[in-house]
Amino acid sequence: MSSSEILPQTPERVLSARAGGWDLLGSEISVLFRRRRTWAMLIAVALIPILLAVAVRLSSSTLEPGEGPPFLDRVTQNGLFVGFTAMVVAIPLFLPLTIGVVAGDTIAGEAGLGTLRYLLVAPAGRVRLLLVKYAGAALFCLVATLTLTVSGAFIGAALFPVGPVTLLSGDTISVPESLLRSLLVAAYVTVSLLGLSMIGLFFSTLTDVPVGAMAATIVVSVIAQILDVIPQLDWLHPWLFSHYWLGFADLLRQPLDLGSFGQNAIVQFCYVAVFGALAYSRFVTRDILS
Amino acid sequence: MTGTVTTASQGDGLAIETRGLTKKFGSQTAVNGIDLMVPRGSVFGFLGPNGSGKTTSIRMLLGLTQATSGTISVLGQPMPARLREVLPRVGALVEGPAFYPFLSGAANLRRLDTADRFAPRGTRRARVQGALERVGLSHAADKKVHAYSLGMKQRLGIANALILPRELLVLDEPTNGLDPQGMREVRSLVRSLAAEGTTVFVSSHLLAEVEQMCTHAAVMSAGSLVAQGTLAQLRQVGESRVHLRTPDAAGALRVLTHLGLGPAHATSDAADAVVVAPLGDTNWQPEAIVTALVAGGVRIRGFAIVEPSLEERFVALTGEGFDVVQ
Numbered sequence: 001m002s003s004s005e006i007l008p009q010t011p012e013r014v015l016s017a018r019a020g021g022w023d024l025l026g027s028e029i030s031v032l033f034r035r036r037r038t039w040a041m042l043i044a045v046a047l048i049p050i051l052l053a054v055a056v057r058l059s060s061s062t063l064e065p066g067e068g069p070p071f072l073d074r075v076t077q078n079g080l081f082v083g084f085t086a087m088v089v090a091i092p093l094f095l096p097l098t099i100g101v102v103a104g105d106t107i108a109g110e111a112g113l114g115t116l117r118y119l120l121v122a123p124a125g126r127v128r129l130l131l132v133k134y135a136g137a138a139l140f141c142l143v144a145t146l147t148l149t150v151s152g153a154f155i156g157a158a159l160f161p162v163g164p165v166t167l168l169s170g171d172t173i174s175v176p177e178s179l180l181r182s183l184l185v186a187a188y189v190t191v192s193l194l195g196l197s198m199i200g201l202f203f204s205t206l207t208d209v210p211v212g213a214m215a216a217t218i219v220v221s222v223i224a225q226i227l228d229v230i231p232q233l234d235w236l237h238p239w240l241f242s243h244y245w246l247g248f249a250d251l252l253r254q255p256l257d258l259g260s261f262g263q264n265a266i267v268q269f270c271y272v273a274v275f276g277a278l279a280y281s282r283f284v285t286r287d288i289l290s
Numbered sequence: 001m002t003g004t005v006t007t008a009s010q011g012d013g014l015a016i017e018t019r020g021l022t023k024k025f026g027s028q029t030a031v032n033g034i035d036l037m038v039p040r041g042s043v044f045g046f047l048g049p050n051g052s053g054k055t056t057s058i059r060m061l062l063g064l065t066q067a068t069s070g071t072i073s074v075l076g077q078p079m080p081a082r083l084r085e086v087l088p089r090v091g092a093l094v095e096g097p098a099f100y101p102f103l104s105g106a107a108n109l110r111r112l113d114t115a116d117r118f119a120p121r122g123t124r125r126a127r128v129q130g131a132l133e134r135v136g137l138s139h140a141a142d143k144k145v146h147a148y149s150l151g152m153k154q155r156l157g158i159a160n161a162l163i164l165p166r167e168l169l170v171l172d173e174p175t176n177g178l179d180p181q182g183m184r185e186v187r188s189l190v191r192s193l194a195a196e197g198t199t200v201f202v203s204s205h206l207l208a209e210v211e212q213m214c215t216h217a218a219v220m221s222a223g224s225l226v227a228q229g230t231l232a233q234l235r236q237v238g239e240s241r242v243h244l245r246t247p248d249a250a251g252a253l254r255v256l257t258h259l260g261l262g263p264a265h266a267t268s269d270a271a272d273a274v275v276v277a278p279l280g281d282t283n284w285q286p287e288a289i290v291t292a293l294v295a296g297g298v299r300i301r302g303f304a305i306v307e308p309s310l311e312e313r314f315v316a317l318t319g320e321g322f323d324v325v326q
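Which chain is which? The protein sequence lines are Y and A, in order. Under our numbering, the first sequence is numbered contiguously, ending at residue 290. Under our numbering, the second sequence is numbered contiguously, ending at residue 326.
The hints are simulated quantities; they were obtained by calculation from the structure and are not laboratory data. The beta-carbon is built from N, C-alpha and C at its ideal position, and this holds for glycine as well. Accuracy of the hints is not assured; some may be wrong.
Stated by the list, open to error - A few chain Y residues that face chain A, going by a derived Cβ cut-off under 8 angstroms, partial list only:
hint: 1; residue: 24
hint: 2; residue: 31
hint: 3; residue: 113
hint: 4; residue: 114
hint: 5; residue: 115
hint: 6; residue: 122
hint: 7; residue: 124
hint: 8; residue: 125
Isolated chain Y, as found in the complex (with noise of 0.2 angstroms):
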């Protein structure tokens, strides 16, 4: 096979070919996927709901309400409850270490391999690099959380009686509803993991060690929710991006109550434009050094 059967002839004709670029997204997601550190840690989202159901199955002790996590005292009379009680475990430190780890890799770790010289240099443009990266890591948040509902709710129907659920509010909605609400409980997670992602995206941007980019967003998770206990500071409650990550709660009540889902989206909202736009300054003028 010669070249020149197989190679456009003229850059004119390369240049002209295709005016695409959802190649670098779809590349993006494959080569995350297909790393072994990515499925490891799903795989210990996975186990999350299993380890709580399990638990909870063998202790021959019944809990009273109110003791353990949220949700943990209904689990036994309802299976569907394993989910949204491991998701309430899960939220304050495992998804945001996971997504730490990911939005911190996003730009240091291609830094750290020397991929990112080669990536610039293709091609790639660096806001587009950027957007690609941001929309592998928003992706992970969609997947990890989803994860979490899908095993929750399989070992939960496994060990547990399954039947219409009764919500905080005192109302009972069918089995089917309440699949439907754990899925709004997996968007409501998803969303409230895009700022955090947006914040390991910049720090990723500053740094070829692409462990200092996770643990520095990781760090800063754990802050935020330690300010968010201090009452000194309630002036600043609203505005902190893990304010939000345990009020979907109120997606379990009766109407339906979705302000803390617009409230949340809209923090969140905040922290992706902000630290995109830092992301952004940093990166476009940045000196490829490595």
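Keeping the supplied structure of chain Y fixed, place chain A upon it in accordance with the hints.
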């Protein structure tokens, strides 16, 4: 800038042209006002010891870092202003190959190819396959890169520059880590690419490599461009010298000085001395010098006019030894 040889300056005929290109990192000047002129169609050797600013210059040419001052034009377009149009026409290997170790060689090339939005998807597999064939890596296409040797990674890096037909190839130290056989293959690959009309800009700290494959060269030293031109032009700057073996050193020195050659000096002992004298700008033919020596009673055991080598020139420009000039 003394000692700079330039080709006849022509605007359109240049694949790369820089004016006063400077890069400072804090107070340190890594590249100091270089005026690089790389003619289209040339195989251009970018020579210099480690740390002389070659890679920093290449990073600026490719828009990876911003110049502190000066202008860059690549393939007739200003950089980095027209980066999006220029870089698809440029293939590059910058400061060693870099790949995702958990992906196969072919998957790595496909990944980097998706970054170029003009690279057609339909031919991607075939193009990657063709590039791997060209560097002799077809057999390892599906092996994960973490299992590659340094030489294989280097080849894969070159393959990455060849996924699309390019007008300009920028190869930074392409033979690094290759065995002699691999070096020969890279040299013949560069020659065949040049024969197809691609301009090849290749940096190296190895003079022999540049001498074997380049038509033009530029020499960097401590961030400055100290010489550039065709290889013939670079050689010309050095002086031809008379090398004379004789037992009559004193007489030889006298005759040569009389002819206007000099300063002449004798090495080793008087019984079998070697007398060396630069020809300078005298136009003496070798036979005339020999005749004059014989007439002056000098016995000649050996006589030669030694042409300047590129190596002498290189050493004269950049200094000898391992010291990194700062």
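Verification of the supplied hints:
Using the Cβ-Cβ criterion of 8 angstroms, the hint placing residue 24(Y) at the interface with chain A is satisfied: the shortest such distance is roughly 5 angstroms. Using the Cβ-Cβ criterion of 8 angstroms, the hint placing residue 31(Y) at the interface with chain A is satisfied: the shortest such distance is roughly 6 angstroms. A cut of 8 angstroms between beta carbons decides the hint on residue 113(Y): the least distance to chain A is about 6 angstroms, and the hint holds. Checking residue 114(Y) against chain A: minimum C-beta separation of about 3 angstroms stays under 8 angstroms; hint holds.
For residue 115(Y), the shortest C-beta to C-beta distance to chain A is roughly 5 angstroms, which falls under 8 angstroms, so the interface hint holds. Restraint check, residue 122(Y) versus chain A: the minimum CB separation of about 4 angstroms is within 8 angstroms; hint holds. Satisfaction of the interface hint for residue 124(Y) is found here, the shortest Cβ-Cβ separation to chain A being roughly 4 angstroms, below the 8 angstroms cut-off. Hint on residue 125(Y) holds. Least Cβ distance to chain A is approximately 7 angstroms, under the 8 angstroms limit.
Checked against the numbered hints given earlier, the structure satisfies every one of them.
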